[in-house]
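Here the protein sequences come in this chain order: B and A.
Note that the working numbering has the first sequence beginning at 1, numbered continuously upward.
Note that the working numbering has the second sequence beginning at 1, numbered continuously upward.
Think of the hints as simulated: they come from the structure by calculation, not from any bench.
In this text the structure is predicted, and so the values were computed from the model without any measurement.
All C-beta atoms, glycine included, are put in the ideal place defined by N, C-alpha and C.
Any given hint could turn out to be false.
[As the list claims (entries may be wrong)] EDC-like, lysine to aspartate or glutamate: derived pairs with alpha carbons at most 20 Å apart:
no., chain 1, residue 1, chain 2, residue 2
1, B, LYS31, B, GLU146
2, B, LYS155, B, ASP135
3, B, LYS155, A, ASP6
4, B, LYS76, B, ASP135
5, A, LYS263, A, GLU42
6, A, LYS129, B, GLU220
[Stated by the list, open to error] Distance windows between CB atoms, simulated:
no., chain 1, residue 1, chain 2, residue 2, range
7, B, ARG255, A, LYS3, 34 to 40 Å
8, A, ASN106, B, GLU80, 21 to 27 Å
9, A, VAL65, B, ALA105, 29 to 35 Å
10, B, VAL97, A, ILE127, 55 to 61 Å
11, B, LYS259, A, LEU140, 56 to 62 Å
12, A, ARG188, B, LEU71, 24 to 30 Å
13, A, TYR33, B, ASP104, 18 to 24 Å
14, A, PHE278, B, THR28, 47 to 53 Å
15, B, ILE168, A, TYR33, 39 to 45 Å
16, B, VAL97, A, PHE278, 57 to 63 Å
17, A, PRO238, B, ILE168, 49 to 55 Å
18, A, ASN106, B, ILE38, 19 to 25 Å
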Amino acid sequence: MPLVWGTSDGATILSPFRAPYTWQPVSTEPKYNVFPLILGTLKVTLIAMLLGTPLALAAALYTAEFAPARLREWIKPAIELLAGIPSVVLGSFALMVLATWVQDAFGLVYRLNAFTAGIALAFAIIPIIYTISEDALTAVPRLYREASLALGASKAQTAVRVVMPAAIPGIFAAIILGFGRAIGETMIVLMVSGNSAILSLDPGLPVRTLSATIAAEMAEVVVGSGHYRILFFIGVLLFLITATLNWAGDRFNRRLREKLFGSA
Amino acid sequence: MRKFVDRTFVVLSLSATVIILSMLFLIIGNIAYHGTERLSWEFITSNPENGMTAGGIFPAIYGTVLLVLLMSLAAVPFGVLVAIYFAEYARAESRLYRWTRMAVNNLAGVPSIVFGLFGLGFFIQSIGKAIDQTFYPGRLLYAQPSILWAAMTMAVLTLPVVIITVEETLRAVPTEYREASLALGATRLQTVFRVVLPQAWSGVMTGAILAISRGAGEVAPVLFTGAAYFLPRYPSHPADQFMHLGYHIWVLTTQSTNVETTKPLLYSTVFVLLVLTFLLNITAILIRNRMRKWATR
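My request is simple: use the sequences and hints to build the entire structure.
Here it is, written out as structure tokens:
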């Protein structure tokens, strides 16, 4: 890849890292710093993870350990149905309904902001974290549970002290893969985040993510310009981040199987 | 005390489950309630009018169906062949197998917007441009967003779904079938196509349906590879642009000039897309369940 692209606006591979820390691709002197976008992505993703992970893990634990068999057969497909909802549908629901509720409930100045986008994004990652961690918990052999119960432990103790630790690599995998999905998710954040590249930690402000930037700007960009190339660069960045996370998730899943069954 | 802690724990995890399920029902309920208000046969079969503030969504449905058909034509045969290689021919230690396996696993986790970039950079700017330069010099035909390139982009996106589903079914076909066929003197190729693949037909169906459901719902990959805001006529040539249900929803939510008049239309469109994807997913789940029962019999 050439270090200097020879584009009319003199953009180079280093432009995304150069000061000032602003993303202003369409101005007389375009500024391509990706830092506000990375911060925005992390902000939204973190909110989604903080809300989604505990819910998804607790629900997986309930389904795998406590739910009566007949109920279990209903809960799992129902939550997996959530995974089948297209993200543009989640996004439009969040935009029309959720955004107003959240704004009223928390008294936020902006209707579209990082917090609302994070909540909407949580809907998208819950089924992923749930399904993978539920599979991991179910994969723990029944012998583990029987041994623990025979020693006088309660069902809850068995779940937390025996089954969860045994399934922990699978739970890590679930969280990592959910994280990867959250970082790459586009339509929800494009619709609900407000789309302003503001460098701030305040969750109540509008925000712009890496994925939404590509989606919003690619259609209007001149092919071959510096802006075009930097949007592709952001795509490469997203690809590398998610590929690394997928690889790590895969490793943890393999370790789970090695741990429980002695082979991958 | 111990009993109390235990009980609390179970109740907490139960309430997490209830919260998730009620969110699901809230979303579906809200969309179904508002979405059926304006829904009519006319809405489904007519064109948008007055700058999307009246009329129906037929061109968007037509475009979506055409897109997933073209996509399946590319993704299903290719995916089935890769799955056959994985399940029937590849040796676990071979380098080709390990690399392709890694590629497929990775492809499944790539964000959909990155596929859109790939479609633009590879299909439109490389292949499309090459076609134009070779066959239509001086004209701009294939080197621009179109339904063909959007379908190819979507095919790459849904390929892992097809491969993984078909491979799972192929592996569920008992080894005895293959052995019996080979013992009767059939070649390996004959065994795969005449004995194993017919048994795995339901897997091919499931894979195709799951891919179609994904392809109908994803918007990010078609944002700049072929979907159009509004078209006066239906696509009839591979190089035409097309209207798309999900893209239409995005347009209605974010670019509407009059939110109050488009809202009922928007809700009905969301409802149609949701029903479509749910029906596809439920069909796939039913086929898969029947297949699993058959496999463990």
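Now the hints, each set against the structure:
Among the hinted pairs, LYS31 (chain B) with GLU146 (chain B) is inconsistent with the structure: their alpha-carbon atoms are about 62 Å apart, more than 20 Å. Under the criterion of a C-alpha separation no larger than 20 Å, the hint pairing LYS155 (chain B) with ASP135 (chain B) is consistent with the structure, at around 19 Å. For the proposed pair LYS155 (chain B) and ASP6 (chain A), the alpha carbon gap of about 8 Å is at most 20 Å, so the pair holds. Using a Cα cut-off of 20 Å, the hinted pair LYS76 (chain B) and ASP135 (chain B) holds, with the two alpha carbons roughly 10 Å apart.
About 17 Å separates the Cα atoms of LYS263 (chain A) and GLU42 (chain A), which keeps this hinted pair within 20 Å; it holds. In summary, the hint linking LYS129 (chain A) to GLU220 (chain B) is supported, as the alpha carbons are separated by about 19 Å, within the 20 Å threshold. Distance hint check: the CB atoms of ARG255 (chain B) and LYS3 (chain A) are about 35 Å apart, consistent with the given range 34 to 40 Å. Between ASN106 (chain A) and GLU80 (chain B) the beta carbons are some 23 Å apart, a value that agrees with the proposed interval 21 to 27 Å.
For VAL65 (chain A) and ALA105 (chain B), the hinted distance range of 29 to 35 Å is not satisfied, since their beta carbons lie about 40 Å from each other. In this structure, VAL97 (chain B) and ILE127 (chain A) break the distance hint of 55 to 61 Å, their C-beta atoms being roughly 42 Å apart. At roughly 57 Å, the beta-carbon separation of LYS259 (chain B) and LEU140 (chain A) lies within the given 56 to 62 Å, and the hint holds. Between ARG188 (chain A) and LEU71 (chain B) the CB atoms are about 47 Å apart, so this pair departs from the stated range of 24 to 30 Å.
Between TYR33 (chain A) and ASP104 (chain B) the beta carbon distance is about 20 Å. The supplied range of 18 to 24 Å therefore holds. Checking the proposed 47 to 53 Å range against PHE278 (chain A) and THR28 (chain B) shows it holds: the Cβ atoms sit about 49 Å from each other. Under the hint 39 to 45 Å, the C-beta atoms of ILE168 (chain B) and TYR33 (chain A), about 42 Å apart, fit the expected range. In this structure the supplied range 57 to 63 Å is violated for VAL97 (chain B) paired with PHE278 (chain A), their Cβ-Cβ distance being about 19 Å.
Separation of PRO238 (chain A) from ILE168 (chain B) is about 50 Å and conforms to the stated range, judged on CB atoms against 49 to 55 Å. For the hinted restraint 19 to 25 Å between ASN106 (chain A) and ILE38 (chain B), the CB-CB distance of approximately 22 Å keeps it satisfied.
In terms of the numbered hints stated before, the structure departs from hints 1, 9, 10, 12, 16, listed from lowest to highest.
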